[in-house]
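Visitor: Sequence:
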Amino acid sequence: MQYITPDLCDAHPEVQVVEPMFANFGGRDSFGGEIVTIKCHEDNSVVKAQADQPGQGKVMVVDGGGSLRRAMLGDMVAAQAAKNGWEGIIIYGCVRDVDVLQEIDLGVQALASHPMKTDKHNIGQLNVVVQFGGVTFRPGEFVYADNNGIIVSTTALSMPE
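According to my numbering, the sequence shown holds residues 8 to 168 in order.
Incorrect hints may have been included.
Stated by the list, open to error - So the derived label-pair ranges between C-beta atoms look like this:
id : residue 1 : residue 2 : range
1  : G147      : P167      : 22 to 28 Å
2  : G92       : V136      : 21 to 27 Å
3  : G147      : V24       : 18 to 24 Å
4  : R145      : Q63       : 18 to 24 Å
5  : S120      : E168      : 19 to 25 Å
6  : Q109      : S165      : 26 to 32 Å
7  : N129      : E168      : 44 to 50 Å
8  : D112      : E41       : 36 to 42 Å
9  : I130      : I11       : 35 to 41 Å
Think of the hints as simulated: they come from the structure by calculation, not from any bench.
Even for Gly, the Cβ is constructed at its ideal location relative to N, Cα and C.
Just need the whole structure built from these sequences, with the hints factored in.
Guide: Now the structure itself:
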């Protein structure tokens, strides 16, 4: 489904709007779904494990601490997430393999690109409340993203007619 966040904001002024700091890196320019959160720092082990799970109707929200020193997502994990039906991944951190990410049918928003992969120590938390960009992300709530920005809602939203 195509989401237009300005239209969603007009129809639902109660939504939270993430501060403008993210760029679109994925093959989908808009995406949305139920929030699944991950909190980790320079270790994408939990991101990789979740990409291996079914993700239909879901968006992974990864709090990477805003680190600009390692990429929390690359082409192989993104391709696995797309294969398993994830709608998208929002990363408060970096991604890599950006030319390939644009070809994958997955929404990807992140702060920047960085060529260095993360360490793998299996450190991270799944489905905990995370905060960044002036917004609180709670598992089970909903997030929508496009080239205009990212919004969060306590309930599922549909595009106004």
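Visitor: All hints, please: hold or fail.
Guide: So, going through the hints one by one against the coordinates:
no., hint, verdict
1, G147 <-> P167: 22 to 28 Å, "23 Å, holds"
2, G92 <-> V136: 21 to 27 Å, "24 Å, holds"
3, G147 <-> V24: 18 to 24 Å, "20 Å, holds"
4, R145 <-> Q63: 18 to 24 Å, "20 Å, holds"
5, S120 <-> E168: 19 to 25 Å, "37 Å, violated"
6, Q109 <-> S165: 26 to 32 Å, "27 Å, holds"
7, N129 <-> E168: 44 to 50 Å, "46 Å, holds"
8, D112 <-> E41: 36 to 42 Å, "18 Å, violated"
9, I130 <-> I11: 35 to 41 Å, "37 Å, holds"
Checked against the numbered hints above, the structure breaks hints 5 and 8 and satisfies the rest.
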